[in-house]
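Just so we're aligned, residue 1335 is where the sequence shown starts under my numbering, counting upward by one.
No lab work stands behind these hints, which were simulated from the structure alone. Any given hint could be a false lead.
Straight line, CA to CA, 20 angstroms or less: simulated DMTMM-like cross-link-like pairs of lysine to aspartate or glutamate [what the hints assert, rightly or not]:
#1 Lys-1425 - Asp-1468
#2 Lys-1457 - Glu-1509
#3 Lys-1379 - Asp-1407
#4 Lys-1433 - Glu-1336
#5 Lys-1425 - Glu-1488
#6 Lys-1425 - Glu-1415
#7 Lys-1433 - Glu-1558
#8 Lys-1379 - Glu-1336
#9 Lys-1433 - Asp-1407
#10 Lys-1457 - Glu-1500
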Amino acid sequence: MELIKDIVYGTENPGKQILDLYLPDGNASDVLIYFHGGGLESGDKSTDLQDNFSMLADLGKVVVSADYRMYPDAVFPDFIEDAAAAVNWVKSNIRKYRKISRIFVSGSSAGAYLTVMLAFAPKYLSAYGIRTTDITGYIIDSAQMTTHFNVLRERGLNPSRIIIDEAAPLYFIDENTVFPDIFVIVADHDMPCRYEQNQLFLKALETFHCPPEKIKYRLMTGHEHCDYCSSREFAMMLLDYMESVC
């Protein structure tokens, strides 16, 4: 496995718009782009998932771990635009490193919020000529499906409020939605309202006739918010999902 660190993918803030590449020794057909958690205000690409990223690379997957602008230096939607820019960099450049044919986007907590916004708010990827369905699958681990609590704080609102607007993934699900393939993960003892929001998200998909075969769901029984992310079980869940998508 080869690790290439601190590749710049953006021009707005090169110190934050950087990513690491975990490359398998041999050929690979899949790349997993991962956005870290931390409430859009903390964390970085050198997370405690590094062992999992190395394991996935050893199992033949390219992994991209990306940083993005965060509070207090960022404002909505800087972090989502950065996530889209990182995807665009991968789509445009990854074949210089390995002959990739499929791209998966993933993240946990705040990173899952970025992931699901890319999946259902098409304007972010379309800024680069990318359709949401150009991504093979989105792995959404414990995302906030309403307007993110730190976006509410940016507006001077109580971050515990439940609001659905253009900063909420749920806002974009309607009769015109083009549904990508998704894998939704949430814990049964997650953050307040997080389990319930994910159930509402799944029900909204059903209401607007998302084909059931496009949705995979995993309830992490007996777990709290993302406490499983550094486990081998989580890495194997990511691997199994990538290998199950046609």
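Hint-by-hint comparison with the structure:
| no. | hint | in the structure |
| --- | --- | --- |
| 1 | Lys-1425 - Asp-1468 | 10 angstroms, holds |
| 2 | Lys-1457 - Glu-1509 | 17 angstroms, holds |
| 3 | Lys-1379 - Asp-1407 | 17 angstroms, holds |
| 4 | Lys-1433 - Glu-1336 | 15 angstroms, holds |
| 5 | Lys-1425 - Glu-1488 | 32 angstroms, violated |
| 6 | Lys-1425 - Glu-1415 | 15 angstroms, holds |
| 7 | Lys-1433 - Glu-1558 | 38 angstroms, violated |
| 8 | Lys-1379 - Glu-1336 | 16 angstroms, holds |
| 9 | Lys-1433 - Asp-1407 | 36 angstroms, violated |
| 10 | Lys-1457 - Glu-1500 | 11 angstroms, holds |
In terms of the numbered hints stated before, the structure departs from hints 5, 7, 9, listed from lowest to highest.
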